[in-house]
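J.: Here is what each chain is made of, one letter per residue.
Protein chains: 2
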Amino acid sequence: MNLYADRIASLRALMRARDWDAVVLTGSDPHGSEYPAERYKQIQWLTGFTGEAADLVVTADHAGLWTDTRYFIQANAQLAGTGVELHKTRVPEQVLIPEWLGAYFSGQRDPVIAIDGATAGCSFVEDILAAFGEPPTVVSSPDFINLLWHDRPGIPQTSVFTVDPGVPREEKIAMLRDFCEGRGAGGILLTSLDDIAWTLNVRASDIEYNPLVISYLLVTPDAVSWFVLKDSVEDPESERTFELLASEGIALEPYDSVDEALADCSGMLLCADPSSLNWQLKSVLDGSGVRLDCCKSPVALAKAVKNPVEIEGMRQAHVRDGVAMVRFLHWLERSVKADRAVSEWDASVRLREFRSEGDGYIGDSFETISAYGPGAALPHYVTPRDGAPMLEQSGLYLCDSGGQYLDGTTDITRTVPLGECTPLEREDYTAVLKGHIDLAMAVFPEGTPGCRIDALAREPLWRLQRNFGHGTGHGVGWFLGVHEGPQDVRQNLNPEPLRAGMIISDEPGIYREGMHGVRHENLLLCVDAGDNEFGRWLAFEPLTLCPFDLSAVDVDMLDAAETEWLDAYHQKVYDTLSPLLDEETARWLQGKCRKIANFA
Amino acid sequence: MNLYADRIASLRALMRARDWDAVVLTGSDPHGSEYPAERYKQIQWLTGFTGEAADLVVTADHAGLWTDTRYFIQANAQLAGTGVELHKTRVPEQVLIPEWLGAYFSGQRDPVIAIDGATAGCSFVEDILAAFGEPPTVVSSPDFINLLWHDRPGIPQTSVFTVDPGVPREEKIAMLRDFCEGRGAGGILLTSLDDIAWTLNVRASDIEYNPLVISYLLVTPDAVSWFVLKDSVEDPESERTFELLASEGIALEPYDSVDEALADCSGMLLCADPSSLNWQLKSVLDGSGVRLDCCKSPVALAKAVKNPVEIEGMRQAHVRDGVAMVRFLHWLERSVKADRAVSEWDASVRLREFRSEGDGYIGDSFETISAYGPGAALPHYVTPRDGAPMLEQSGLYLCDSGGQYLDGTTDITRTVPLGECTPLEREDYTAVLKGHIDLAMAVFPEGTPGCRIDALAREPLWRLQRNFGHGTGHGVGWFLGVHEGPQDVRQNLNPEPLRAGMIISDEPGIYREGMHGVRHENLLLCVDAGDNEFGRWLAFEPLTLCPFDLSAVDVDMLDAAETEWLDAYHQKVYDTLSPLLDEETARWLQGKCRKIANFA
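Protein chains in written order, with this note's numbering: chain A, 56 to 655; chain B, 56 to 655.
If you're looking for bench data, these hints aren't it; they were derived computationally from the structure. Certain hints may be false.
No copy is singled out in the list; a pair is fine if it fits within one copy or between any two copies.
What the hints assert, rightly or not - The calculated DMTMM-like cross-link candidates involving lysine to aspartate or glutamate, where the alpha carbons are at most 25 Å apart (straight line), are:
(1) Lys-143 <-> Glu-89
(2) Lys-627 <-> Asp-637
(3) Lys-143 <-> Glu-501
(4) Lys-143 <-> Asp-586
(5) Lys-650 <-> Asp-611
(6) Lys-285 <-> Asp-219
Only chain A is shown next, with the shape it has when bound in the complex (with noise of 0.2 Å):
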């Protein structure tokens, strides 16, 4: 019988033994991270699909696991076997996890529905219980999937060490307290790791390609409560940092004692951001009488906007970035042409190498997609470690990769022309250039919220009929999450405007299945361009440092100041990079970053 089949089969037994009509999971964990740990992938020790994003739903006759468009395909391949059904969501006709337990028990009085309160957010939550005529018995029992995952990891607790992002936690607790002072509350509870780890100036690696430290951290008027692990460790890095903090008056409390922390707050108002809230704190809170100002936390939009220090870290991060991917596609293009065997996996390899030599390298800021041809028609392809295809001397290859430095985080994507392109490749290659180029050339006035401008990335590509179906850009951290708001530039009307300080990705695409993929992605530091008669203006300053290769580009589709720009930038790279490379390499990237009026 097939492993995830015989696991979904036990939980059904405790189900039973429970008397619980239904489980809920949610791929996430106690803090709404986006990249939860390995303790708390439940629902991938249950069924084996490995995407980010998917919800579990089983009954006595139905196992449903439901995520978005980015992992149909995924989805079917994975849960062949497993009995679990797939149900799609963000497409037009979805129908969510609420409501489909509405629909699935209307008739039926009072049905048990068990959750992991722990690791569902509390908003998911009330939206089942709303989705009911009268609302059914929700049980909340933290860890149950511990009676079937007996060897299940235990919560993650590595080395947390300080960083000097310019700015001292006095500075940000100072911030918070304004904060609450102007809303009349009591305190504030933050519970996304983010937003901990920036307050604190703290990292850790407890989650993989985040670095981040799980805990809590309570600030009030008077004291500054921080709820981590740290009575098991035995690390001198995590010891002086824990002795550093509390010695600035931060209280160091147990991970698991937030609950009694919180229940002692009773009556006060508290502020807390319901998106990364889970079920069993909001509980403990209703319970113990705390009033809960549920609003978005103040921390989101000012780690958004980027000081002067951390600015300058991103811009030295990205130039030993530049360097590693140099450094790279120069092997590549090497190897691939003297016909060595190089798989997709092979590659991701060698470009951790390359970046690893880099100064304050920490480890990637995400999972490498590296896929040659009809792979990279799968915005989200994950890269085999076994079997992964050999890069051939044709066709297109796409790289989409990051790395974690100790002062600052860095996000690309390269799409390599291993050879003779075919025409709608090139075209493909040559519209999406335009748009990446349309967006980073941008002039746009202040109060711009990025879903104004996510048209121009996209025009050059809708002119010739074609699109793309995931965002535009989104908001990178300082040496945190590579994917943080509030700030983006997609489809979606996200009011939240664009400020001098934040950074953005600019990656437009193009997908055709079973054919190849196309997507150019740099980093841009939105920056103020200065004020005049009608107003105050916002431009955007590439980070990245890494030329796009010219021989795909089908240059009589590049209008004159997309000529112009490409060719500035291919100057910068070449100036910035070229003194850190050897001269072999050097010469190959003067090559690379040649004008286009000496190509075409």
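Following the hints, complete the assembly by docking chain B onto the known chain A.
T.: Same frame as chain A, but now just chain B:
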């Protein structure tokens, strides 16, 4: 003493006699019309301010007029000496009337605020009530202005006639009944004059520039009641119309009997659109136990998507409008070259004469903006009848005008170089033309709201760090209001998608106070551009037929696609209009429509 100061003084006397602490008047009519009839220009009568969209508050010691950016200069001029102060709206620091009243009366117990409930929108009054800790007493005294305004005009009553836009009123009424059924409602009350004229396929001239009939329409499953002024009408056309509708089972009721009729709906769930429901009517509904289902009128979207008959009518109307515009521009050029004395006003009069020679011309669709030089820098400049500036043989003349025809409505702006232009005038003229063309050329996926392509029209301006303060495009009715929703193309994040069959204006501009103004406007029809693997596509077809004067164009600023669009557009203009013009004008048009290449 200033005439208007005098009138405000007599209003204050009335307030003292009635124990009113404040009077609030809006610039609207009982139907929330954009352009009210003379009778409802109470604010103009009281203050002398002639701009649209103004609201007035008078207390014992303050008189304030609230209006937006478009009218600041005009308001400052017209309010001088009246004692009425300008309150600016659509500016960051704006304080709207409800907040202002709340602050003004803070501390005072139970102030009495008098309104003319018939001309005050229900949501506006609700906002006022909500702005107070404990709500003030709001006294609704319809038409109290009659006590001061003795020669106030009556409710207009012009000839009512029917139109045939391809869809019979039976079908439209059936659509309304389906809408009610879908919401489980017992009926729908239409209060917007646009909605009523569209539903019944009737028109009149009750409101300047708007072919509307002042009335209400109540549709239930078994009856249609039209509340309209008919008693004293003595024209055969109206009689024929009323008899025809009666013969189709539409009950004609007296306009002022709507209150009693609604009182009879006690207990019914009734659909009504709050954006055009006045406070007086809402009070009647609330008082008589009608349950109100406040919803967007289903007519708004239905009438925005034009049917084939309406589309063909719009095309034909634009051919005749184009002939009038070309004859006008030809006359204008000759007159100015010949040094004849032509004022802004003379030009607008001459343009109306040319239009009136076209078949089916009913009147203008709004007040013509005929502005030379600095006047054109005011987006809503009103050309003075007396002492209007004279046109000279240099610089830019801007003319924004439109016609109401039996088969369609037009709205066009051309900016005309009258001789030598400064480099800045040429640069502005060309940059705005690029923006106009880039939006007209747009191809975009089905489901895209106008706010997502607004930047296409602005980006050529933004790159030069120039911008304009108004929206880029508004919907246009079929022989109805020249401004209609629900779609638009502007900064505000209006989620309403553009649909095939919708019409929008494309009118970017640049305005330099004291120097010049540039605006180029065509009406665009949104059309289906087919579908492919990436989805369904939409594009625009220009309805307006009139050349853009090339003599002020800096050809080097246009890219290949823009040049191609302009050449093709001018070719279409010439081919369509020249057969309808006298030989001399046709020859002149040929010169205006020459290819850019032959020009540069």
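J.: Against each hint, give a clear statement of whether it holds in the structure.
T.: Here is what the structure says about each hint:
1. Lys-143 <-> Glu-89: Intra 19 Å, inter 45 Å, cutoff 25 Å: intra-copy only.
2. Lys-627 <-> Asp-637: within (18 Å within a copy, 60 Å between copies)
3. Lys-143 <-> Glu-501: This pair counts as between: shortest inter-copy Cα distance 21 Å, intra-copy 38 Å.
4. Lys-143 <-> Asp-586: between (47 Å within a copy, 23 Å between copies)
5. Lys-650 <-> Asp-611: both (14 Å within a copy, 22 Å between copies)
6. Lys-285 <-> Asp-219: Cα proximity of Lys-285 and Asp-219: one copy only (22 Å, versus 80 Å across).
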